[in-house]
Amino acid sequence: MEQLGLGIGWRPEIADAVEELASAEGPERVRWVEVVAENICPGHLPDSLVRLRGRGVTVVPHGVSLGLGGAERPDPQRLAALAERAEALGAPLVTEHIAFVRAGGAATGSPRLEAGHLLPVPRSRDALEVLVENVRIAQDSLPVPLALENVAALFGWPDDDMGEGAFLAELAGRTGVKLLVDVANLHTNRVNRGEDPVEALDALPDGALAYVHVAGGAERDGIWHDTHAHPVPGPVLEVLEALCERHRPPGVLLERDDDFPPLPELAGELRSVRRVLERSGRSSRVG
Amino acid sequence: MPPGFDPARMKAQKAALAAKRANVVARIAPELPRILGDGYRPAFLRHAHRTPMDGGYRHDALAFARDVLGRAELTRRQRGELAQWLYERSGPAPRRGGRIVRLLAGLRTVRADRPARRG
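For the record, the sequence lines run as chains A and B.
Anchor point for the first sequence: position 5 equals 30 in my numbering, and the numbering is continuous, going up by one each time.
Anchor point for the second sequence: position 28 equals 39 in my numbering, and the numbering is continuous, going up by one each time.
It is possible that some hints are incorrect.
To be verified - Just a few of them, taken from the derived set where beta-carbon distance is under 8 Å, the chain B residues facing chain A: (1) 24; (2) 37; (3) 40; (4) 63; (5) 66; (6) 80.
Derived by calculation from the structure, the hints in this document are not laboratory data.
Computed from a predicted model, the values in this text were never measured in an experiment.
C-beta atoms are modelled at their ideal positions from N, C-alpha and C, and glycine is treated no differently.
Chain A with its partners taken away, still in its complex shape (with noise of 0.2 Å):
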């Protein structure tokens, strides 16, 4: 896969920020950008992002709502939407989440949920069988190759027996499907389900990672909140130190979603990225 170097998330909120910080001369400049996939439509692009694209910055579609992690197979609907952006968006890959987001419905006899949310799916030998089945569903349908995210989770599920390193390792050595490491899902995790980020990064396969999220969140009552509307704090900073001293990203993308800061906050956000990355020895691989 390409080098994709450092990132933002578009959002129609902050396009003109994004665009100034495409073209910005300094180490918060960024060379590709995701945008929530969901939110576009493919033969009316937001010319925010049709002028980045003609400047030669990538555009990833990150979708949110295919509920890989669930129990039925993923709808061939929705498979054809994210295909269809991937080609309108000439994307190198397309990502998504390893997540449930719906559950009954007719085949279950029970009324049809949608959490609007990506939950955890459990971490058991059974979820990972429905899992990779999904996937490899999922990349039979999709013209690029699939990247997944491990997401922020505020609970765990009675019947988790492996390590959230051991599940992903598993699943990209089965499928073949990439890894999109949320550093800050990895944060919230540890806060909330008293998981070692580390052990997660120790257990990557080298070669699976495609690029790695970071993102803000806040800390309620012993609860971590994975917001993506409160700056970057130190300890996703050093999760993401420790994953550079393992792991040869091939990007890095800040994500955020709501009390969107002006422009130099986001500057100094990206640059504290690439300090990181750079202290890490592995300035070269990110551009």
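We have chain A already, so just place chain B on it with the hints.
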């Protein structure tokens, strides 16, 4: 709740999902918090705990508006604005459409105005 889950964490997850619904609906339908003011959030959270989502967030915004119109204490003005908001988004297609929708609506009116043929 099935056995084995941590009740405190499930409670936190439930609250987080409801709060996210309130935030997302406020973003995609900013008229709703504008019409309801300070009453938006408590009314939305009551709706969220009563009514699980069965579709997307736009669907949830409509469900909330219907819910609050039927249950909440509203001023006359709020009730009117909310009912109008809902009316404009109900039915098979947006009522205030673009040029083609208005053109088609116009054509239908013209046809209806034609005198009925005899025979």
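Now for the hints, and whether the structure bears them out:
Taking 8 Å as the C-beta contact cut-off toward chain A, the hint placing residue 24 of chain B at the interface holds, the least distance being around 5 Å. For residue 37 of chain B, the interface hint is violated, the least distance from its beta-carbon to any beta-carbon of chain A being 11 Å, above 8 Å. Look at residue 40 of chain B: its Cβ only gets to about 14 Å from chain A, farther than 8 Å, so that hint breaks. Restraint check, residue 63 of chain B versus chain A: the minimum CB separation of about 5 Å is within 8 Å; hint holds.
Annotation: residue 66 of chain B was flagged as interfacial toward chain A, and the flag holds, the nearest CB pair being 6 Å apart, inside 8 Å. With 8 Å as the threshold, the beta carbon of residue 80 of chain B stays out of range of chain A, its nearest partner Cβ sitting at about 22 Å, so the hint is violated.
Checked against the numbered hints given earlier, the structure breaks hints 2, 3 and 6 and satisfies all the rest.
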